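Using the supplied hints, reconstruct the complex from the two chains, each of which is provided in its own coordinate frame.
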Amino acid sequence: MSYNFYDFQNAIQQRNDYVDDQLRDGSPVVGISCPDGIVLFTLRGSQRKLFEVYERIAYGAMGRQSDVESIRIAAIDSAHREGFQRSEDDVCLSRLVGFGISPAVKQVYNDQRAVPLTIRALFAELHDSPADDVFCTLNYDGEYRISKGSAVITGVRSADEVAKDILKTAAPSTRDEAIQVAAKVWAHAYNAMRHARKPGGDVDDNGVRLTPAAAFKGALEKGQILEAALLTRSTSKTSRFECCTPETVSAAVANLDLG
Amino acid sequence: MDVSLFHPQSGDFAAITGFTLTDAHQSVTSHANGLASEPVHGTTVIAVKFKDGVLTVGDRRATGGNAIMYDKAEKVLALDDTMLMAISGAFSKAIEFVRFLRHSFKYYERSQLQSLSLDGKLNEIGRMMAGNLGGAMSGGLVIPVIAVYDQKQAKGRIFFYDAAGARFENLEYAAAGSGSVQIRGAFEYIVRTKGNFSEMTLETALAEALHLLEIAADLDSATGGAGKVLPLARTVTAAGVTEISDDAIRVALGASTTTATSI
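Chain order of the listed sequences is A and B.
Numbering-wise, my numbering puts 198 at position 200 of the first sequence, and it's gapless, one number per residue.
Numbering-wise, my numbering puts 184 at position 203 of the second sequence, and it's gapless, one number per residue.
Bound conformation, chain B alone (with noise of 0.2 Å):
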């Protein structure tokens, strides 16, 4: 029987699995499939504070180069009980990001009797970033934008990466895949006209959120509306992680949505 059980290894999930994700990466073509010529990909998600924490949403549409892959996709997914990771780019790593560090942030609280830091937790993900930086090279680029509830400060806070893991904490909002380019300036509009996120309320900052979903589904083709499956929303408040349900969702799509469109 194998006594190296008996090894420990201080916290470190990597170790204990000797999982890498620089030998992960592989190129575009080897991702391809009878449906699409590409990799499926998450599209649009956006993350906004609002006075009480961090509210994340996101279209369930995956796509494969011009292919349509699954409209159920979940791209708002809870790391614990204080961190969302809002998933967009190559689908097939952003579920193995999340599921490592899943693992990795409770191997640590189970093995070392306490929580990884928030900034521990940043790290990791900035780590993963950078040994994903290959694989993002060939296609497999994964953009998160991280939701979480400081307990410290006792406030939400957005950070997002850039491909190489460099790390950047976002004021108000962030949203990232294809349809975020398209509404990026509306983000802007809606702080200089109705005032920051971080002083709305659950209500208004979801019918804000989701109607910036709807325009990004409007102008990028990647990205799902709330039509025909309703979009995904999950908050992070010092009392955790919560599910906004589906009724919710359609009272908040009642009072944002618009179906005029100059387009």
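So here's chain A without its partners, still in its complex pose (with noise of 0.2 Å):
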């Protein structure tokens, strides 16, 4: 059977809008540096979303949980050999997802015969001060972004593009005050990606157009969990990586002002 550049293209699409389509309902994660660390947030169903992966690397994603269970273990694996074989120094992020977990994830992709990774992550690496936090994050084709301060990601570019006009300006100075942040673009997010499932917008069953605040409380009320953790620049423990308990992310949000 020929197969021509048209099919080619045709078939990318199709790759594209099958995992659009199973990341447009999922959960965003939101990354953010303070002077305590780095906070990362999201709200899950049943299974952890926000994990440790080397001294100073969190990860968080979205998509199908065995998908973001492989990246994990794939970033666990590889920055461990890296810091065993050499030094603990030479773990760092950007030769972590650029070198190792972007090209991996890239030849899934263009392997026709197999299906895609259903996932976009986050990734966020430590360092002394704020200013020199390093986050990266990863879509399902390869392809991967480093920022400074903050990073984001959502199922739909509309809804990338609400989060990061409110990350802009933020500049929290605890870890309390970085949640907030985070689930006020949490809710901001997720509620644009709600509104660009439907045409028009989503509304609540008054036919009210739904706002963040509904969205979040909706959230929450379907049984989705926040869940919060922190890479924290101070500790006399051997790691830095805590996730925060329920009852420290439950108060942090308790008055949240989503306007």
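Honestly, the hints are just simulated from the structure, not real lab data.
It should be emphasised that the depicted structure is a prediction, and the values quoted were computed from it without experimental measurement.
It cannot be assumed that every hint is accurate.
[As the list claims (entries may be wrong)] Below, a list of computed lysine-lysine pairs in the DSS-like style, where the Cα atoms sit at most 27 Å apart:
(1) Lys104(A) with Lys146(A)
(2) Lys146(A) with Lys196(A)
(3) Lys104(A) with Lys162(A)
(4) Lys175(B) with Lys32(B)
(5) Lys136(B) with Lys32(B)
(6) Lys235(A) with Lys53(B)
(7) Lys166(A) with Lys215(A)
(8) Lys215(A) with Lys162(A)
(9) Lys53(B) with Lys209(B)
(10) Lys235(A) with Lys136(B)
(11) Lys235(A) with Lys175(B)
(12) Lys235(A) with Lys133(B)
Structure, rendered in structure tokens:
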């Protein structure tokens, strides 16, 4: 059977449509720096979505859980191999994602006989000051972007823009403030994703256009669980990664202003 | 690009690194350098229980045959937040042990999303000792003393291994290294005349342990005393691993040291 240029484009488009469609209903993941460290935040169903990769590297993702785990284990394996065979100081996010994970994800994406990974991932790397913290977002096709200060992954491009607009001016000074900012970003991004799903926007049972506050509240009412983690800048423990307790996260977002 | 990235190894750190000790041992002569005819060895380390956990102290000397190679060696090292390894014997092997075990425990915790159990950690150390048997026979012997805080039993515990990897648990104290032979009886004397270490306060246990280390330094040329460089002391308790400050060590040394010696 002949396979021409248009078939190739068609195949790529179909793969993109397939994965984008799966990610459209996902839960965004937000990462933001503050003097205490880096906060990662999301809402999840049953499985954890925020993880420690290495001493100063954390990871969060949206997508199919099996793919989330595949990338997680691949990142952990790669980081630990490098850290042991060379030095912990030689493990860095740009090399880990740029030369390790991203090309491997791209290879899976390019394989027309394989199902592409249904994932969008966010990596964070802690440094001594917030200005030096590095974030990296990775797409299912292997494309990745490196940023400073904050990063977000969502299900649709319009939600990305909404989230980035809020993050642009955010400067939290504590862990709890960072959780609040991240929760606000999550609510606005999730709201934008819901509106993107329906032409003309999404409405509640009374026909009123959904707001970020209603989207956030609705997600919690549907059983979504708040999840936050901190890569702390200062600790006497051997691990810098701490999962925030449900009480801590609930208290931080109790009086959230989602305006 | 290497798609083998997507073949995880179920928490087995040795499998992803290909690390093996059995291939790593070398004969004594291959370690020789211009200063010493033997590989560098760490000397005396001591672990004693106290009422909140385990205290581990070590002198700072590393020797190669008759030569003093280094006087700031760290021989009491944290493997994680609940476990200390005090090392005696071949220094290069011991440091490799510690690097491997630290990575191995962390790798398991990060990949499997749960900590390796205490028994799992102790078995891993035993496997490492057994894997080093060939190295031990040719001058690379390492004898570790393991101090842990057992969260399940809510108490400190002390373990040591023989060269083949057999594990033993000590009730009150343990010591390893060249100076440990000279002070073995003194441990028993303290327990019989002053009571169990596990009932002592940290201050008392520290003073006793430093006293024992000073005796070892007096009677064993390979053990460094506190006169030049202070010993290293760390505790492991329910709160984790804590380093005892130099000031606290000086105070304890003042309380314990007598300059009199019968030799």
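Evaluation of the provided hints:
no.	hint	result
1	Lys104(A) with Lys146(A)	holds, 24 Å
2	Lys146(A) with Lys196(A)	violated, 33 Å
3	Lys104(A) with Lys162(A)	holds, 25 Å
4	Lys175(B) with Lys32(B)	holds, 14 Å
5	Lys136(B) with Lys32(B)	holds, 8 Å
6	Lys235(A) with Lys53(B)	holds, 24 Å
7	Lys166(A) with Lys215(A)	holds, 24 Å
8	Lys215(A) with Lys162(A)	holds, 22 Å
9	Lys53(B) with Lys209(B)	holds, 10 Å
10	Lys235(A) with Lys136(B)	holds, 19 Å
11	Lys235(A) with Lys175(B)	violated, 34 Å
12	Lys235(A) with Lys133(B)	holds, 20 Å
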